[in-house]
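**Q** Chain U is fixed; fit chain E onto it per the hints.
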Amino acid sequence: MLIELAVRNLKRTKVRSVLAVIGIVIGVMAISSIGIFGESLKATILENFKDIADEVIITPNYIHGYDSIDERTIEKIRRIPYVENIYAVKKKSAFIYYKDKKTYTTVYGMDEEDTKIFKLEKGSYKGCLVGKNIAEFLELRVGSKIIVEGKSFRVGGIIEREARFDINPNFAVIIPSKDFESIFGEIEYAQVIVKIEDLQYIDDFKKYVDSKINRKDNKVSAFEMRTIIERINEAFTGVTLFLMAIAAVSLLVAGVSILNIMLMSTVERTKEIGLMRAIGAYRETILKIFLTEALILGLIGSVIGGSLSFVGGYLIDMMILHTAKYVFQPSSLLYVFLGIFVGISTSLISSLYPAWKASKLEPIEALRYE
Amino acid sequence: MIELIDVYKSYKTGYYEVLALRGINLKIDRGEFVAIMGPSGSGKSTLLYLIGCLDKPTKGRVIIDGEDVTQMNEKQLTEIRRDKIGFIFQQYYLIPTLTALENVELPMVFKGIPKMERKKKAEYLLTLVGLKDKENRKPNELSGGEQQRVAIARALANNPSILLCDEPTGNLDSKSGRQIMDLIKDLNEEMGVTVVLVTHDSSLKVYADRIINIKDGQLC
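Those sequence lines, one after another, are chains U and E.
If you read the first sequence in the working numbering, its first letter stands for residue 81, the second for the next number, and so on.
If you read the second sequence in the working numbering, its first letter stands for residue 184, the second for the next number, and so on.
Extracted from the complex, chain U is given alone in its bound form:
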């Protein structure tokens, strides 16, 4: 009956209760919508990296005096368990000529099969591939003939502009390994990109590298792409929480409004509180009645606000990211629940003082209150 009593007390001051609920709705909606947006932003950025999460990049250990990776080391890496595939890359810098233009850039030697790690904007993987920036600078098209260190190549495909941490293709020209050797001679590898069977084996793989290759001397360094993704994840979670904290200011305002209406309620119901105390209500019972009222306001406001935050998240995503595909991902739900939790907590915390004040009223003074 105490819950029923709390509900009826709230109904008694309907307009006030509705306004308090609206405050909570707005606050929770702001928090959760921004949470959903932050999560969508993170997902959009991480999507670019999802293909390289399971990669480890092996580079020569420059500090220890190594500037390349030899064929034997490549073979050892290939034999390590958990390796799904490896892409050994040779690299040099060279002048590229097209008609009357020239540029100096990175040239990679890769087998045709390995070049499929890149996405093409135009053309096919046959022949020589050029990065988007080079193509734009030299005004290249599929079929254009470029000269690399005196040797002529037909542009087979133009690589889509993308931000990769393993090989940056935007300013690069990629030619078949055989042609690379014929131009630059038999040089050793500049880096090896290793695809691991599953993310969980990355640490085991690195242990193998240390025991099989770096046992005598630190020949190579292994850098896992997962680390970058984790950093991005952490950074964006931080940004999202910061934005949510700003949005929480609106909830703070709602909290103050609850504090206000509860205080008013305490004063208006002084005689009732006195009567209840006189006929046998403990102080805790009075406390419970007031907290239940705040809980009901918080619960209604937070659940409505949480539900509406999907609409808010959808609108912000459409406006800023121009896509709403990440609005309903499971992690969005986490922010909705977080918003609801913060909303309910705000209501309860705001009502603590009025509830405590009500429970501290002396029955005799409360009954005599005019």
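Do not rely on the hints blindly, as some may be mistaken.
As the list claims (entries may be wrong) - EDC-like, lysine to aspartate or glutamate: derived pairs with alpha carbons at most 16 Å apart:
no., chain 1, residue 1, chain 2, residue 2
1, E, K294, U, E364
2, E, K321, U, E84
3, E, K195, U, E445
4, U, K202, U, E240
5, E, K302, U, E84
6, E, K258, U, E364
7, E, K239, U, E442
8, E, K239, U, E445
What the hints assert, rightly or not - What follows is a set of in silico ranges between Cβ atoms, one per label pair, in the way DEER data are often shown:
no., chain 1, residue 1, chain 2, residue 2, range
9, E, E306, U, R88, 19 to 29 Å
10, E, E262, U, Y433, 21 to 31 Å
11, U, S387, E, N354, 42 to 52 Å
12, U, Y433, E, I296, 41 to 51 Å
The hints are simulated quantities; they were obtained by calculation from the structure and are not laboratory data.
Only a predicted model underlies this, so the values are computations on that prediction, with no experimental measurement involved.
Glycine residues also receive a C-beta, built at the ideal position from the N, C-alpha and C atoms.
**A** Frame of chain U, contents of chain E only:
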């Protein structure tokens, strides 16, 4: 049953200290109907609130059923009020959001009595005060006399041994007032409830077994 030994009560109002009760010694037996009479400001309501464990004396002892309530903590006093005492006030003090039935149930809710049991008891008590057909009405849908009847039913909810009435007819017309007093007298006679009535209305003297006069905080 009720004993007050050398009871003093003083209040601070602003800079002044008011001595409301000065050395009251009083004994009320089980089943007695006592009327405490005196002019306004004589200390009669203060005396009633001390008996009702709503307030503590500045000095002296208040003993109820052999227990010194002046030594009790807040929680124990609440339990005494809930289990042993029924209050009837001049302004009825019904909870406006609750129906007549629910108002009667309220003291039983505080005692933790199961829903079905308390509903049955509340219905019985409303029948006793002649309001069974109005059990679902809210206080503002009842007349003053009816509201006071609901308050009486509520006062009886936890089977108290003492009924404390503070000017129970003060807000009623003479006919309703008479009906309320008849009802309280019946409860005293038939159920054996001890009644302490505070009033300045001398026409209520007839209901009491004993009249106690109070003036300037002293019995006379």
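**Q** For every hint, state whether the structure bears it out.
**A** Results of checking the hints against the structure:
About 13 Å separates the Cα atoms of K294(E) and E364(U), which keeps this hinted pair within 16 Å; it holds. Taking the CA atoms of K321(E) and E84(U), the gap is about 14 Å. The hint holds against a cut of 16 Å. Distance hint between K195(E) and E445(U) is fulfilled; the C-alpha atoms sit about 13 Å from each other, no more than 16 Å. At most 16 Å may separate the alpha-carbon atoms for a hinted pair to count; K202(U) and E240(U) meet this at roughly 8 Å.
Taken as a hint, the K302(E) and E84(U) pair is honoured in the structure, with Cα atoms around 15 Å apart against an allowance of 16 Å. Taking the CA atoms of K258(E) and E364(U), the gap is about 10 Å. The hint holds against a cut of 16 Å. Proposed proximity of K239(E) and E442(U) is supported: the alpha carbons are some 11 Å apart, at most 16 Å. For the proposed pair K239(E) and E445(U), the alpha carbon gap of about 12 Å is at most 16 Å, so the pair holds.
Range check, E306(E) to R88(U): about 20 Å between beta-carbon atoms, so the 19 to 29 Å window is met. Checked against the hint of 21 to 31 Å, the pair E262(E) and Y433(U) passes, with Cβ atoms roughly 27 Å apart. Between S387(U) and N354(E) the C-beta distance comes to about 49 Å, which sits within the given range of 42 to 52 Å. Hint check: Y433(U) to I296(E), Cβ distance near 32 Å, so the stated range 41 to 51 Å is violated.
Going down the numbered hints, you'll see the structure goes against just number 12.
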